[in-house]
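Asks: What follows is each chain in one-letter form.
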Amino acid sequence: MIGFQYARAGDVTDAVRLMAGDPRAKFVAGGTNLIDLMKMDVERPSMVIDINRLPLKEVEEVPGGGLRIGALVRNTDLAYNALVEERYPVLASALLAGATQQLRNMASTGGNLLQRTRCHYFYDTATPCNKREPGSGCSAIGGQNRMHAILGASDACIAVHPSDMCVAMAMLEAMVRVTGASGERAIPFAEFHRLPGETPERDTNLSAGEIITAVELPPRGFATNYTYLKIRDRLSYAFALVSVAAGLELEGGTIKEGHFALGGIAHKPWRDPQAEAALRGQPANAKTFALAADIFLRDAEGYEHNAFKIDLARRCIMRALSQAAAGTPQSQSSKKIV
Amino acid sequence: MAPYIGTATSRIDGIAKVTGAAKYAAEFNVPGLLHGSVVTSTIAKGRITRLDTSAAMRVKGVIDVLTHENRPPMADNDQAYKDDVAPPGSPFRPLYDDKIKFNLQPIALVVAETSEVARFAASLVTVEYEEVAHVTDIFAARDAAVPIKPPASPVGFTPPKARGQPNRALARAAVRHEGEYYVPIEHHNPMELYGATVIHESDGKLTVYDKTQGVQNVQRYLCGVFGMKPEGVRVLSPFVGGAFGSGLRPQFEAVLAVLAARALERSVRVVLTRPQMYALGYRPAMVQRIALGADADGTLDAIAHDAVTATSQFEEYFRQETGWSGLLYKCANAKYEHKLARLDLPTSCDMRAPSAPTALFALESAMDELAVALELDPLELRLRCYSERDQNHDRPFSSKALRECYRQGAEAFGWNKRNGAPRSMRDGSELVGWGMATGIWEALQMPITVRIALTANGSAEVACATSDIGTGTYTIMAQVAADMLGLPLENISIKLGDSTLPNSPVEGGSWIAASVSNGIATTVAAVRNELLELAKKVPNSPLANAAPDEVKLADGMIVDERDGSRSVSIADAMRHGGVERIEQEETTNPTADDSRARNTHSAVFAEVKIDEEIGVIRVTRVVSAIAGGRVLNTKTASSQILGSVVWGIGMALHEETLIDHKLGRVMNANIAEYHVPVNADVHDIKVIFVHEHDDSNPLGVKGLGEIGIIGVAPAIANAVYHATGKRVRDLPITLDKLHP
Ligand SMILES: Cc1cc2nc3c(=O)[nH]c(=O)nc-3n(C[C@H](O)[C@H](O)[C@H](O)COP(=O)(O)OP(=O)(O)OC[C@H]3O[C@@H](n4cnc5c(N)ncnc54)[C@H](O)[C@@H]3O)c2cc1C
Ligand code: SF4
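Chain order of the listed sequences is G and D.
Be aware that the first sequence starts at 22, since it is given in our numbering, and climbs by one per residue.
Be aware that the second sequence starts at 7, since it is given in our numbering, and climbs by one per residue.
Derived by calculation from the structure, the hints in this document are not laboratory data.
Among the clues, some could well be false.
Claimed, not checked - DSS-like mimics (lysine-lysine), calculated; alpha carbons at most 30 Å apart, straight line:
{"hint": "1", "chain 1": "G", "residue 1": "LYS60", "chain 2": "D", "residue 2": "LYS66"}
{"hint": "2", "chain 1": "D", "residue 1": "LYS235", "chain 2": "D", "residue 2": "LYS501"}
{"hint": "3", "chain 1": "G", "residue 1": "LYS60", "chain 2": "D", "residue 2": "LYS23"}
{"hint": "4", "chain 1": "D", "residue 1": "LYS732", "chain 2": "G", "residue 2": "LYS357"}
Generate the whole structure from the sequences, applying the supplied hints.
Replies: Following this line, the structure appears as structure tokens:
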């Protein structure tokens, strides 16, 4: 094992201070991603700052109707939290679609936001990869790219963000609360993850030294008409080829407001205001959904192995929106697509 | 022959396994044990021009870094590296020279005081290469593929000869089907990582705990590679956490650990990482063309089966992939062409039922397509083509209850309720598909030696160098010995997985159950004879006039089979003769009779439910009906079939080793990304053993380790067609292949 320092932070201030002292340090929460990457020699932090004792483990109601989720709330605890189940069932569903029970027991909210891509090349230090080693090239372009992006990719990187939880949070318009040496700030979810552009090594807009303290959900939870539909290469325990978090507010058969975000297709959970605008005020039917899907995918581009995702995404958007409209969300235990 | 044979006896090693008392190769410890970490190549082909180990050597706790430049001597001729089951060619020699023959090839071993230090230091070894163009894609190498040569080696296979006039028969056939089928490279992915612990004994001898399917094969191989005397190396493998064929040939972890132990005169352990497991053998990728011609009534008249299989540049691995086609169905005209494509990869190797799941994916998909063309129920087509003879060698079968498999399987599945038209059956938003396929495998038996030591207190030790790779060999050996010696199961102890024990072949080919059970029967007969001699000497012995084949051992007694009241207890016979212990060792050879074909068969029925729009496939039911001779243990046997069916689901829907052909490197070299079925992918599986009497060996055992996987992938593929009307001819059937 590569030598590294270990420090345990007592509170947020302590964590930020420790981090400020060592630019090559990394926080560790559940460790389900960081430790794997360290074993594979992909991440080589000089110091690992254990934040598991920080008081960020609560799910609390915030005045005005939202919910504040501490960065250390485990994925399992969040998925089965009564308030989440009742008011943001799409988030509970997305969480349960991810990984396995054992991993979810360890995985934290903050760590899930910052988990890194599962691109095969990123994990194999014997291969070129711009995200791991800027300037070395992107092996996935012209290589094995079945799991890669169809939207928002660049010539430097075509990786996707692998999280399920984040797709629901993007759809819900969550806010990420962070604290750094210069104080606290809030980052809207849509601005949290980045597109690869010329700097694929940067996954997010978190500044150096900042710690995630919480994720805040706004009051609107789409608790009646929602779904999380995840399609993958086996029925469980695989990352999404395409996933859709959808929420609708209906008035009779008309869509008052509709949100949907996709996972598995871009460097970040992907939302498209224009596609959602195409839902607003329209009848909740297949025609509307198809139009929204077409707008959503208008710039989609496939590579050698993943071009099928464009059509798959279209079908998934339509199905997810109809599941949401019908009030029949996808079950995460029965794998039958409803 | 009660009370154990044929029952659902739980594994006698089960408690040891679940409590962790059962030790695996990498779990044996000695003080001062060193740990080796393997450095592997990052190119597929070329030469090492510079290997810098200085940074690794500087790490505290590193003892040495072994490379081709500084290793101790190893044999310099191919013969020394040929193991018992090596294919023709020039076997790979780990750390032999500067040549790189495949990606992930071991090129150095860092030996350190802890495995963590070794692994870290291994990451500091820098290597420079001179690269040469490589090819890892079977489609790119296909045109250059060369026909296989009938092998000289005893483990080789000769493709069957063509029969009749296949070209003419195809040309005149009323109904023809021709298709190309593809199965990608698959890896075994046993749970246990390959590892070897080599203990350097004080007298300089080596005790090697290795993960292998054949301890004596490894022992002979190590003696060859290192010029050691057989007495100087003992190889043990008491428990194996799955191997599935990957451990039939000695693997490089054992070579590297022995190399280091000899160089340093210390005890050394080497364990591969999960990615390094992809530098071992694999089920070869296979491109196959099948042409079938039939009369309008479904009589099969012509079969042509061409296959291209993948092997390395240095060895020619193949099995009888094409031959299955001419064996399974009655067909007067048949021809085969089998070629090898040489790739810059390790040599392909046996993987559960080598060649048959792949070959039968093609054949049984093609038969389904033919049934569609004939507008005939696919099961009915199989019955019309039912073969009572092995036409490849023009001989009868020793037994073949396949018809019964079809009947019982179809009944359990409810096949008669199938509507034949594709897309005709539904369950809400899901299309329902029912498909079926046949399976066939060999029923082999090998020479084996078994030693039994019986003590006067009525306990016996049964010893043989076979392995138990997780199949339940310990348990069936104990069951057979207990029944035949007439002793309770608890009184039997089993010794296996040790090269010093009586000779056994590698555990593979589904042949160990038949070999070892009949081997036990032979040795028990010798024990019985010795007991009878003693019993006769007891005063007024009721067995004074009994002949050996007139007595049996039961309930601790030697009993006259003609008159159960005439008996002498084993204890009395031995005590009276002043004998504390009887030991017999016998070798059992299989019958040399080639006049009959020996095969196991299966009929597999599968139901899939597929979301019509999105293409998500669920295998909701599988029925597997097996004709496999006598079942020694219904529990371990059905576990073998269940596991095989699950693997068949994986083969159909999930498994594929993804190679980046530009880099010539496996990219999904871990079991998060190399998909096998998880619980959610597995629903109802019903296993049926049909009655099948076989007299090829005294116990009527055929072996069940492999037949279960064969036929599963095509049954599922055929069900997918029935559900969707879409024929997928390349595995795995991922959902995108169902989209327009
Ligand atoms: C085999 C496997 C399958 C998986 N399948 C899925 C799946 O299907 N869907 C899915 O969504 N996920 C999946 N995951 C990923 C899993 O969800 C993530 O690994 C997990 O959410 C990461 O959380 P963690 O707390 O363990 O993070 P860690 O590994 O502890 O940390 C991850 C990163 O986040 C940083 N970090 C952690 N907390 C903070 C904080 N509060 N502030 C700032 N930085 C922080 C760390 O420094 C590190 O860089 C899978 C993982 C594995 C291993
Ligand atoms: S897609 Fe991104 S992560 Fe993958 S190889 Fe290219 S640069 Fe690396």
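Asks: CA of G/LYS60 to CA of D/LYS66, is that 30 Å or under?
Replies: holds (19 Å)
Asks: Given the hint that D/LYS235 pairs with D/LYS501, does the C-alpha gap stay at or below 30 Å?
Replies: Roughly 24 Å separates the two Cα atoms, so the pair holds.
Asks: Are G/LYS60 and D/LYS23 close enough, with their CA atoms no more than 30 Å apart?
Replies: Distance ~28 Å between G/LYS60 and D/LYS23 Cα, so the pair holds.
Asks: D/LYS732 and G/LYS357 were given as a pair; does the straight-line alpha-carbon distance stay at or below 30 Å?
Replies: holds (20 Å)
In this structure, none of the earlier numbered hints is contradicted; all agree with it.
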